[in-house]
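Asker: Mind docking chain B on chain A? Use the hints.
Chain residues, written in single-letter form:
Protein chains: 2
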Amino acid sequence: MAKQNIYDNETFFAGYSELRAREANANNLFEIPERFALLPDLADLRILDLGCGSGEHCMDYLNMGAKEVTGIDISEKMLSVAKEKNSAPGIRYIRMPMEDLDKLEGGFDLVISSLAIHYIEDYRGVVKNVRRLLVPGGEFIFSQEHPINTCHTGGDRWVRDETGYKLSAKVTDYAKEGERESVWFVDNVKIYHRSMSTVINVLIEEGFKIEKIVEPKPSEELLEKYPDYYDLYHKPDFLIVKAKAES
Amino acid sequence: MAKQNIYDNETFFAGYSELRAREANANNLFEIPERFALLPDLADLRILDLGCGSGEHCMDYLNMGAKEVTGIDISEKMLSVAKEKNSAPGIRYIRMPMEDLDKLEGGFDLVISSLAIHYIEDYRGVVKNVRRLLVPGGEFIFSQEHPINTCHTGGDRWVRDETGYKLSAKVTDYAKEGERESVWFVDNVKIYHRSMSTVINVLIEEGFKIEKIVEPKPSEELLEKYPDYYDLYHKPDFLIVKAKAES
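In order, the protein sequence lines correspond to chains A and B. For the first sequence, this note's numbering gives the first residue as 277, with consecutive numbering after it. For the second sequence, this note's numbering gives the first residue as 277, with consecutive numbering after it.
Just so you know, the hints here were simulated from the structure itself, not pulled from any lab data. Beta carbons are placed, not taken as given, at the ideal position from N, Cα and C, and that holds for glycine. Worth double-checking, as some hints may not be accurate.
[Unchecked claim] Derived DSS-like pairs: lysine-lysine, alpha-carbon spacing no greater than 30 Å straight-line:
{"#": "1", "chain 1": "A", "residue 1": "488", "chain 2": "B", "residue 2": "488"}
{"#": "2", "chain 1": "A", "residue 1": "501", "chain 2": "A", "residue 2": "488"}
{"#": "3", "chain 1": "A", "residue 1": "501", "chain 2": "B", "residue 2": "452"}
[As the list claims (entries may be wrong)] Reference listing, derived: stretches of chain B covered by chain A, where coverage requires no fewer than 3 residues with Cβ under 8 Å from a Cβ of chain A:
{"#": "4", "stretch": "444 to 457"}
{"#": "5", "stretch": "467 to 473"}
{"#": "6", "stretch": "479 to 489"}
{"#": "7", "stretch": "506 to 517"}
[Claimed, not checked] Residues of chain A placed beyond 10 Å of chain B at every Cβ, according to the derived structure:
{"#": "8", "residue": "286"}
{"#": "9", "residue": "352"}
{"#": "10", "residue": "360"}
{"#": "11", "residue": "363"}
{"#": "12", "residue": "371"}
{"#": "13", "residue": "437"}
{"#": "14", "residue": "480"}
{"#": "15", "residue": "502"}
{"#": "16", "residue": "512"}
Just chain A, same shape as in the assembly (with noise of 0.2 Å):
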């Protein structure tokens, strides 16, 4: 199965980088403060984050109590940024494409992931190797794309009026599971669409309790602040999950 790298096509980088930099995004305002809400007592677990980047959340992890921190990335790019900023005692970071994780060694309290996975074709083998390296009890708390958007098939996502303002999202061939093709800053990032009891069954099947999923969606203040973050209300663009790897 192919790996995708997409964090180290120069064009991706930079629009990616922009996009991260800005303050009042999706990921800032709905799927990070989401996602952290999900995070248990954080002091003296082991944290392993898949998908890692650029290592800011390894770096608050610590501050936040951990024991230590392994992020690994299949990106350069992206590590060495995170080694240059975000560097620690009790953070070390991996390059490995998250479907080498079977050479990883386990004994993790703690394994997050934040918007990876759906970049991942062999879905079933992360929550496997996910499941060996945790301890009995220890939790999986992941976000992706929201199957909602990864069916996306191409074209306009959206039904709007004429004067361009979201109606409803289109939603196409969502029980049609596998690869899909996205536009985003470049041609051809590949995503990989799984169905809502495709993401949750796996995991259960895989020995894992589920605790909680979320879908975020903005606040009344937030949406008086950036109205047309409405459009998340038609739609959740993430899904957030927290599971416990049952002994």
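Answerer: For chain B alone, coordinates are given in the frame of chain A:
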């Protein structure tokens, strides 16, 4: 909270009976087989059927080995059909809206509900009662209209080509939970939209462990026979959940 009894509306009842009498409707092709596939061995189980309608499944459960089946329904019309066509020692029918479940005594091994939960405003109240009515380790298996479906706020649900062919489902106000008015044989059938995360999280919060979720879709063979059901690839009609009462 209003208890809705559309099944005792004459027009609704006539339309619904005709629909269910046809062989190849979505219930018979998708909802029923997938729900039955989730059933455990019924031998000696005490079963409660919430919204049992005309009782045909109560009779099936008894024939599959159940010890006792209790069917409750809000509709007198439905229950009179049930008593006429699907009576047996071991089956009892009680006229009771699901909102009054706290009047029922517990000790059930399995609670089943087919396509009735989305008519209920107080979902948490029903889930709490089902947990109370089940023995520890007992199971709750229910189907409902899929959240991608229940969110619908009116108008055509589909983006179509000029011939009327369905290209994409329209998804609107998914994150806005609450009452929806639906037209299904009669106007103003009220359903209550809840997001997938609410459906799942309320079960977990009230003491259930999620065992499996199913979003039925047509098989290749079914699609060949009934190509119109391709629309279920765009958007699932049903959600089926299997959950276990934790001890």
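Asker: Tell me the numbers of any earlier hints that the structure contravenes, in ascending order.
Answerer: Of the numbered hints given earlier, those the structure breaks are 14, 16, listed in rising order.
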